[in-house]
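Engineer: Sequence:
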Amino acid sequence: MAFATAATVLHADLDAFYASVEQLLDPALRRRPIAVGGGVVLAASYEARSYGVAAGMPAWRARQLCPGLAFVAGHFGDYQRLGDEVMDILGSFTPFVERVSIDEAFLDVAGALRLFGPPATIAVAIRRRVRAEVGLPLSIGVARTKHLAKVASQVAKPDGVVVVAPEAEHEFLAGLPVGLIWGVGPVMQARLAAAGIRTIGELAAAPGAALDQLLGRALGGKVAALAANVDPRQIGPARPASSMGAQAALGRRRATPELVRSTLGYLCDRVAGRLRAAQRAGRTVTVRVRFPGMRSVTRSASVAMPVCATLTLTEIATGLAAAALADHRGEHELTLLAVSVSHLVVPTMQLELPLERRPSGRPQGPGSRSTDAARWGLDRSVDAVRARFGPASVGYAAVVFSEDPRVPEAFRELAQRHPS
DNA sequence: TCTGGGGTCCTAGGACCC
DNA sequence: TCTGGGGTCCTAGGACCC
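Counting in our numbering, the final residue of the first sequence is number 508, and the numbers go up one at a time with none missing.
These are computed hints drawn from the structure, not numbers from a lab. Hints are not guaranteed to be accurate.
Below are the EDC-like pairs computed for lysine to aspartate or glutamate, each with C-alpha atoms no more than 20 Å apart in a straight line [said to hold, decoys possible]:
#, residue 1, residue 2
1, K245, E257
2, K310, E257
3, K245, D103
4, K310, D300
5, K310, E290
Distance windows between CB atoms, simulated [claimed, not checked]:
#, residue 1, residue 2, range
6, A116, P507, 22 to 32 Å
7, P496, W148, 41 to 51 Å
8, A94, A297, 27 to 37 Å
Each residue gets a CB set at the ideal place from its N, CA and C atoms; glycine is no exception.
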């Protein structure tokens, strides 16, 4: 049998991760419907899910569905620690582990069969160890490709294993809902349902041209390939990020210049600091403004010199936000502001010029080479002080926003390491 | 009572160049 | 007289993922 035709790909996915950790840490929460979060549900236990409670749901709606729901503030440091412990266990079976998020990873065990037995045996052993050593439920899908393994782990939940033998793939997929395909969400699902397509089998039988019509050319082709069981993705290290951003939900606040200025100051400080820490700068800055009712607009601008200085980024972002608001004068309230930097490059030597050697004389506008270089020097000093004495030890003007955070800083730290 | 934070990818129209 | 096709970049919006 050829190497590529064996079912040696595992997808390991911790069940209701945040909620399971809370139930592990506090026995009083076990077997009860709980939600992690505050204004919004970040994660729901399976007991809560049986009432219809789901991640991303506003808290009031979750309480409506499940009156006995217990809300728990997250223990974000523990999520990181326990997630790492599980990844260490996975890594003890094979070095070919691709971590996808804090609670999920692909493994290729093709080279581990001699040592640990067939893939299904390895999956059972992994689950047993994670349960015994960490105390968390883990589901695993085993198949020939990443996509199939991922679908299998979803089918295996909660707390199970599903193995898809190569000769049984077609039969396995045929009856499953199209929503299990990676990239098919609620909108696509509804669009397909309107065309009478609900299962992956029906999708596979549909003509390619019809799929392109329904889903667009790129997704149509991708979905057809997946439904037909072609998946070229290999297990390997994640690519470096192509953008970096930060956002802040504001509740429902009057769109005052002071609110916009202070919030953007906070967000740009975060983003620019992360860019510098990663030794990156970006050519395109995007600002998103969200109004009540989840209506949002974006404004973006590309600049010649890649940006990573806090003040330069703040000036550009402020201008973009002002343009967006000027185009929507009827809006008097905001619910969110976001800043993102993309088209990332490694900063050039120009930016590393020491402060005292910068060209002087003519006044310099934002984005000009030497202004950004000078500011970068200042930023590096700030970064160094913060590295020693903490993020709050030094900074720019007082940040009003940070006095009333909607989410704990620890959650931002976690989300920035692992989107979840 | 109206919803977190951090990302990727795709589409479509327009500007601009050769 | 005022026409063609291809490529690239930019911007805005949106679906989707964890």
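Engineer: Next, verify each hint and record whether it holds.
Structural biologist: Each hint tested on the structure:
Taking the CA atoms of K245 and E257, the gap is about 18 Å. The hint holds against a cut of 20 Å. Of the supplied pair hints, the one linking K310 and E257 holds, its CA atoms being roughly 18 Å apart against a limit of 20 Å. Restraint check for K245 and D103: the C-alpha separation of about 7 Å stays at or below 20 Å, so the hint holds. Under the criterion of a C-alpha separation no larger than 20 Å, the hint pairing K310 with D300 is consistent with the structure, at around 10 Å.
Proposed proximity of K310 and E290 is supported: the alpha carbons are some 16 Å apart, at most 20 Å. For the pair A116 and P507, the beta carbons lie near 30 Å from each other, so the given range of 22 to 32 Å is met. Checking the proposed 41 to 51 Å range against P496 and W148 shows it is violated: the Cβ atoms sit about 20 Å from each other. In this structure, A94 and A297 meet the distance hint of 27 to 37 Å, their C-beta atoms being roughly 34 Å apart.
In this structure, only the earlier hint numbered 7 is contradicted, and the remaining ones agree with it.
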